[in-house]
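Assemble the complex: chain A is given as a structure, and chains B and C must be docked to it using the hints.
Residue numbers (my numbering), protein chains in the order written: chain A, 1 to 294; chain B, 1 to 212; chain C, 1 to 235.
Since the hints were derived computationally from the structure, they do not count as laboratory data.
Computed footprint of chain C on chain A, listed as stretches where at least three residues anywhere in the stretch have a Cβ under 8 angstroms from a Cβ of chain C:
id: 1; segment: 26-39
id: 2; segment: 127-141
id: 3; segment: 144-155
id: 4; segment: 209-220
id: 5; segment: 263-272
Even for Gly, the Cβ is constructed at its ideal location relative to N, Cα and C.
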Amino acid sequence: MSQGNIFKTMATMDRRVIYVLIFLLVLAPTLRPLGLPIAVSQSTITYYSYLQALDEDDMIWAAWETGFSAWNELKAGIIATYREVIKSGARMVVAFGTAEDIAVFRLVFGDPDEGIRGILTPELEQYGYEYGVDYVVLGYVLVNEASTSSLATDLHGVVTNDYKGRSLAGTFYDDLVNAGSFSLIIDFSPGMQTNAMIRHWVMDYGTPMIEGAIGVNIPSLSPYIDTGHLKAMLQSTRGCAELEYLGGVPGPGATSMDAFTLVHYLVVLFIIMGNIGYFGWEKNSKQQVRTAVG
Amino acid sequence: MASLLRRKETSLILIGISFFIVTGVYFFNIPSLNTFAGNLVLMVSVLNAMSILLALYSQTRRSLLLVRQKAKGWPFQLYLVITIYLMSSLGLIYGQSSSQFMWFQYAILNPTGSVIYSVLAFYMASACARAFRARSPQAAMLLISGIIVLMGQAPLTGVFAPFLGAAGTYLTSSFAMAASRVFTMSVTVGAVVLGVRIITGKESSAIGFEGG
Amino acid sequence: MVEFYEFSYTLVAILASWSMYATLYGKPSPFRSWAEASFIGFTMGLNLVVTFNYVLRTGWEPVSRGNWMPAVGILLGLLMILRLFPKYSYISRIPIAISLGTNLAISLRTTIFTGFINQIQATIVPFWIPGNLYQSILNTTISVSVVLMLTFFLYSTELKGPLKYTSKAGEYALYIALGAVFAQTFMGRLGLLSGYMQSILDPAWKIPYTFGFLVIVFAGILILDRYGLLEKYSD
Chain A
1 MSQGNIFKTM ATMDRRVIYV LIFLLVLAPT LRPLGLPIAV SQSTITYYSY LQALDEDDMI
61 WAAWETGFSA WNELKAGIIA TYREVIKSGA RMVVAFGTAE DIAVFRLVFG DPDEGIRGIL
121 TPELEQYGYE YGVDYVVLGY VLVNEASTSS LATDLHGVVT NDYKGRSLAG TFYDDLVNAG
181 SFSLIIDFSP GMQTNAMIRH WVMDYGTPMI EGAIGVNIPS LSPYIDTGHL KAMLQSTRGC
241 AELEYLGGVP GPGATSMDAF TLVHYLVVLF IIMGNIGYFG WEKNSKQQVR TAVG
Chain B
1 MASLLRRKET SLILIGISFF IVTGVYFFNI PSLNTFAGNL VLMVSVLNAM SILLALYSQT
61 RRSLLLVRQK AKGWPFQLYL VITIYLMSSL GLIYGQSSSQ FMWFQYAILN PTGSVIYSVL
121 AFYMASACAR AFRARSPQAA MLLISGIIVL MGQAPLTGVF APFLGAAGTY LTSSFAMAAS
181 RVFTMSVTVG AVVLGVRIIT GKESSAIGFE GG
Chain C
1 MVEFYEFSYT LVAILASWSM YATLYGKPSP FRSWAEASFI GFTMGLNLVV TFNYVLRTGW
61 EPVSRGNWMP AVGILLGLLM ILRLFPKYSY ISRIPIAISL GTNLAISLRT TIFTGFINQI
121 QATIVPFWIP GNLYQSILNT TISVSVVLML TFFLYSTELK GPLKYTSKAG EYALYIALGA
181 VFAQTFMGRL GLLSGYMQSI LDPAWKIPYT FGFLVIVFAG ILILDRYGLL EKYSD
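With the rest of the complex left out, here is chain A (with noise of 0.2 angstroms):
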């Protein structure tokens, strides 16, 4: 193969090859994993430390906005951070922000009503962490700017019951007011409603607020974490995967980091090869790689 040929390979590689590639090196470590090691970012340390603070006296507005996708994105994170609730005894508040969430806090927290049990099951039975005394749910509440802003300035105006009918009286929620009768929110989002909570939740009440966020909104939301609207973030998959291997208890963060170091690697390689084949090819010929997709 002459040198131009190498070169011409290399610019126009063939996006199906790159598809397979990258199927292949997310399959492999996930089916087999790897073990490779992960260092621990500064930002998943800070986050961390607002969990190992939390005790029995605190109440904490726990904002579930990630529908599926984000769930598939976030749920090392989710598991490990309401992990860290659960064994602080510190009593929360659900609210959810998208229609699925309520499907998807099923997979974590199970249905004790229907016997269905979640991947957190066996953290609330050791902890005896109970609906009604330590959780209450108030399900899909976290509509739109409007619902938000009035939750947090009257909760009770807004909502009663929870997300199954049932009154929520005689709970702690009756002792509940408005964002100022919370110590810490945990918000995880694709963006859906954490604006909102940062201007009327954040900003009014002084409520303190942690995020996990998806890679997409990491830009758009750390001026707030500069300005202290928001005192930690947990970034994409990776900072949920190095705040498991805080808690202790390897899941399925660890196991997607494999996964992770392989396809960045590879995707740096193909960087590095278009320009190769750019510099020693493409530049001078009259034929261009078309698009990136086509």
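Frame of chain A; chains B and C shown alone:
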């Protein structure tokens, strides 16, 4: 009555009244005003949620039109309409927490909702190999920055080459954050300007009137 | 032993996911069309039910406690639907106007602080922090980059003199930022991909079904493509 409702001034008065009721509570400490403003916001949250009915009507009408015309792919449009009403019926009959309702979420929404976004990873990787070219100094800087951050993000890099991890963190914490800050400020200024224009009646297209 | 409930939805989920991944083949296919129609239809049905419950709880239930105002939101929501009928669409301007005014009041008051004033405050930071070289470099980079990038976005004035050079520097800073943002975005999408792959490969009983459906779906696509039937049976 109809002529009154058709006038632009009526809409502007309603916008102004609702705006000043909600903001007025921060200037006047009147308990009844506070309560009314809170209820107004709650009422609007319900009103906003009901906009889904518009989407339902539009989608149903479009799909049935394509079915009637026997346009290309019409069976899929018919299937789409059936699934909308099937899912709604299941949820209303058995309840939103029922196993029957959840089954379809786990079977259909979880995979399709996840895959539809994860496919972008493939397209981005393909773009890296086939489209990202250092054709200019600016493009070269973009690529170098991207490579450093990609390397830094790989968990293994922090173990054998911590300086790359630190460099990646520096680039995301400084340049990327600065760019996001600039975009945030620009969008905020734009939003405030648009809001003021709507309230003062200079931007009436938002309420369905043509021109300013 | 896996319950039939979990087994059944897992099988359909694996089929649906490979059908959606058929997008990568590059041509329309009936599998992809089915998956897309399912996604849109079931999502809309789900949102209808959940929103209906929200409207009942938040709009109707307060009436029993003597608060009738949220229920007016239901009436106004129904008026908004009149937008679809040209003869009566003018009536829909009432709920739209009320919603617009209220939402502007809710968001403008706070967004000025979180999105503008606080951002400026966070940009004006000391360039030199004794004993912390990294933070000093970070602060300097952020502050200088924000100013440079802002000059790049000045479109309403001719960029000459010093502005020309700061704008150029801002452009370079922006490209560096975009490279970093691209990497973060890719990380997010990759995380979603690997996370979802895990869910169809773990526990181990799912593995044969995952690969089986992969073969079935892509073999089906290849056969249909071979006989030129892909376009015919998709939308």
